[in-house]
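There are 2 protein chains.
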Amino acid sequence: MSLLTIGTLAFDSIHTPFGKKERVLGGSCTYVSYAASYFTDKINLVSIVGGDFPEEELDNLRNIGVNLNGLEIKRDGKTFFWEGKYHLNMISRDTLVTDLNVLDDFNPVLPESFKTSEFVMLGNLTPSLQEQVLDQLTNPDVFIALDTMNFWMDIAMEKLLEVIRRVDVLVINDEEARQLSGEFALTRAADKILTMGPKFLIIKKGEHGSLLFYESKIFFAPGLPLAEVKDPTGAGDTFAGGFMGYLSKTGDTSFENMKRAIIYGSAMASFCVQEFSLEGIKNLSREAIDKRVKKFSEIVDFNLV
Amino acid sequence: MSLLTIGTLAFDSIHTPFGKKERVLGGSCTYVSYAASYFTDKINLVSIVGGDFPEEELDNLRNIGVNLNGLEIKRDGKTFFWEGKYHLNMISRDTLVTDLNVLDDFNPVLPESFKTSEFVMLGNLTPSLQEQVLDQLTNPDVFIALDTMNFWMDIAMEKLLEVIRRVDVLVINDEEARQLSGEFALTRAADKILTMGPKFLIIKKGEHGSLLFYESKIFFAPGLPLAEVKDPTGAGDTFAGGFMGYLSKTGDTSFENMKRAIIYGSAMASFCVQEFSLEGIKNLSREAIDKRVKKFSEIVDFNLV
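Those protein sequence lines, which keep their order, are chains A and B. Counting with our numbering, you get residues 8 to 312 for the letters of the first sequence. Counting with our numbering, you get residues 8 to 312 for the letters of the second sequence.
There's no promise every hint is true.
Which copy is meant is left open, so a pair is good if it fits within one copy or across any two.
[Claimed, not checked] Calculated cross-link-like contacts (lysine-lysine; reagent style DSBU-like; alpha-carbon spacing at most 30 Å):
| # | residue 1 | residue 2 |
| --- | --- | --- |
| 1 | Lys166 | Lys289 |
| 2 | Lys224 | Lys302 |
| 3 | Lys166 | Lys224 |
| 4 | Lys256 | Lys206 |
| 5 | Lys212 | Lys256 |
| 6 | Lys301 | Lys199 |
| 7 | Lys49 | Lys256 |
| 8 | Lys92 | Lys212 |
| 9 | Lys122 | Lys166 |
| 10 | Lys212 | Lys224 |
| 11 | Lys212 | Lys301 |
| 12 | Lys289 | Lys224 |
| 13 | Lys289 | Lys27 |
| 14 | Lys199 | Lys49 |
| 15 | Lys49 | Lys302 |
| 16 | Lys224 | Lys301 |
| 17 | Lys206 | Lys301 |
These are computed hints drawn from the structure, not numbers from a lab.
Work out the full structure, taking the sequences as your base and the hints as a guide.
Below you can see the structure in the form of structure tokens.
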């Protein structure tokens, strides 16, 4: 089934304690697309870039099965740019530069064929842009995942709540779940958030794994301890891409299959952080992915007898 | 098989965002003993208290199977006292008062019958006191778990390393593992620490669960998301008590059984933090423990196919 990804294509400059990369490929749609491409080749992308975006990278996206009919190219504009510096813990970071550039004019208009997509990964954008996308979807059985961040809770909570009401799964991190709910304990936060509209809630805890909440059930996907983390940029989007890609492939949104999808998402994210930019999730073999997924299974395996 | 616990009996005054308790029962031996008592009634305790320690609490310990022949009671002294205040996250805390009192004179001398204990939980004390205990053990097949803290790494690293060399499993938290190894990534930290002597390493990550390292294998025990955490004091000792209690009961230190022991330890710790002081782990039913352990199994359960 087809997966619609809406968000950014970007250039990132990334400083970590272990190195620096200038103007490498980034953006939520990029990470989502590469991660999802291992599960589906029906990826519909809606984003905006400037004339400086390399034709070669567009070809690369086409080659992994991404339909770019929803990509606006502003020849006289510049692509969204972000520069950030990670702290020694490789979790917290300082944003050094955010140049919205063409993103400032982003007006997501879905091509007709995209409106019936079965799965939608609605990336972190202003809640009103997210709403504009939701208004264009026509498939009554569409399954929508939403990403957002603290910033929108601070300045546009009301609109954000309207958007959250209309999605199937909210994918946020622990601090965002706490802010959104006003509850510190994640189970209480989840209880509250599940009354706001979404049927499922995923709380990402970075290296500590993630939690899936559904009705009164909880699933805990472990974080895989890694010897080397080079660049955490895009890990959340890669997780979402693997997760939604797996759901698109299987077309099954039962709790049991959501668990598997989260493990696949976690596996993709674990590849992502091991290299800079998209390097960790380009050109992976099926075998490498299956092997990584198996590690997630082995690491939590125990028998009570 | 018998479990020797060496450490503190204490009074704690605990401030949390949700309440305050004055001079309640605490100390590592206390938490270890109560947690282990659900698995074994052969607990040998070595500690020191003052004349102010209630006879009733000693009776309570005797009633759960604790042999107090190794407890020194200094009639004219006062019991170790700790006062601390937890931050809103219920993880970090400030120590307000540490009155060593009789602990300053602690000279752990093992009764003859204790020296052959099969399992030893060596609590967080000065490395030279820990060494003194090790020197008294006579069972060639003894299995020793060691707790320690950053403080000893700062002021007595050399002696601490001598002690670490002689134990079977080191039980520390993530920050301690990083400081001890000089490595940030926990897998690298574990690789280094496993060359320092211990066959097994357990890294506790609080609410995020714990990791067991053995040779090149890793086991990840999840943290159980709890709706309410009232008092984290003693959670680490309770974990250790459940863990070592389960090992003492089964007498099996294979990797597979260590995993089960960690799950039992985690379950006991999850009860501990739900109430102040020892209240959460007193008077638990077998059924309640089994049910809690099953939750740890369910929360990470998924099938790949």
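Against the structure, the hints:
For the homomeric pair Lys166 and Lys289, neither the shortest alpha-carbon distance inside one copy (36 Å) nor that between copies (48 Å) is at most 30 Å. In this homomeric assembly, Lys224 and Lys302 come within 30 Å of each other (Cα to Cα) both inside a single copy, at 24 Å, and across copies, at 11 Å. Only within a single protomer do Lys166 and Lys224 lie at most 30 Å apart by alpha-carbon distance; the minimum there is 28 Å, versus 48 Å between protomers. For the homomeric pair Lys256 and Lys206, the shortest alpha-carbon distance inside one copy (20 Å) is at most 30 Å, but the shortest distance between copies (43 Å) is not.
When the C-alpha separation of Lys212 and Lys256 is checked against a cutoff of 30 Å, the pair qualifies only within one copy, where the shortest distance is 25 Å, while the shortest distance between copies is 35 Å. For the identical chains of this complex, Lys301 and Lys199 are inter-copy neighbours only, at 25 Å across copies versus 33 Å inside a copy, given an alpha-carbon limit of 30 Å. In this homomeric assembly, Lys49 and Lys256 come within 30 Å of each other (Cα to Cα) only inside a single copy, at 9 Å, whereas the closest approach across copies is 56 Å. Taking the closest pair of Cα atoms, Lys92 and Lys212 come within 30 Å of each other both inside a single copy (20 Å) and across two copies (26 Å).
With identical chains, the CA atoms of Lys122 and Lys166 are at most 30 Å apart within one copy only, with a shortest distance of 22 Å there and 68 Å across copies. For the homomeric pair Lys212 and Lys224, the shortest alpha-carbon distances inside one copy (18 Å) and between copies (23 Å) are both at most 30 Å. For the homomeric pair Lys212 and Lys301, the shortest alpha-carbon distances inside one copy (21 Å) and between copies (23 Å) are both at most 30 Å. Taking CA atoms no more than 30 Å apart as the test, Lys289 paired with Lys224 passes between copies only; the shortest distance there is 28 Å, against 34 Å inside one copy.
Taking the closest pair of Cα atoms, Lys289 and Lys27 come within 30 Å of each other only inside a single copy of the chain (20 Å); across copies the shortest separation is 54 Å, beyond that limit. Within a single copy, Lys199 and Lys49 get their C-alpha atoms no closer than 34 Å, and across copies no closer than 46 Å, so neither meets the 30 Å cut-off. In this assembly of identical chains, the alpha carbons of Lys49 and Lys302 lie at most 30 Å apart only when taken from the same copy (28 Å versus 38 Å across copies). For a Cα distance limit of 30 Å, the shortest separation of Lys224 from Lys301 qualifies both inside one copy, at 23 Å, and across copies, at 14 Å.
Proximity of Lys206 and Lys301 under a CA criterion of 30 Å is satisfied in both settings, with 28 Å inside one chain copy and 25 Å between copies.
Hint violations for this structure: numbers 1 and 14, all remaining hints satisfied.
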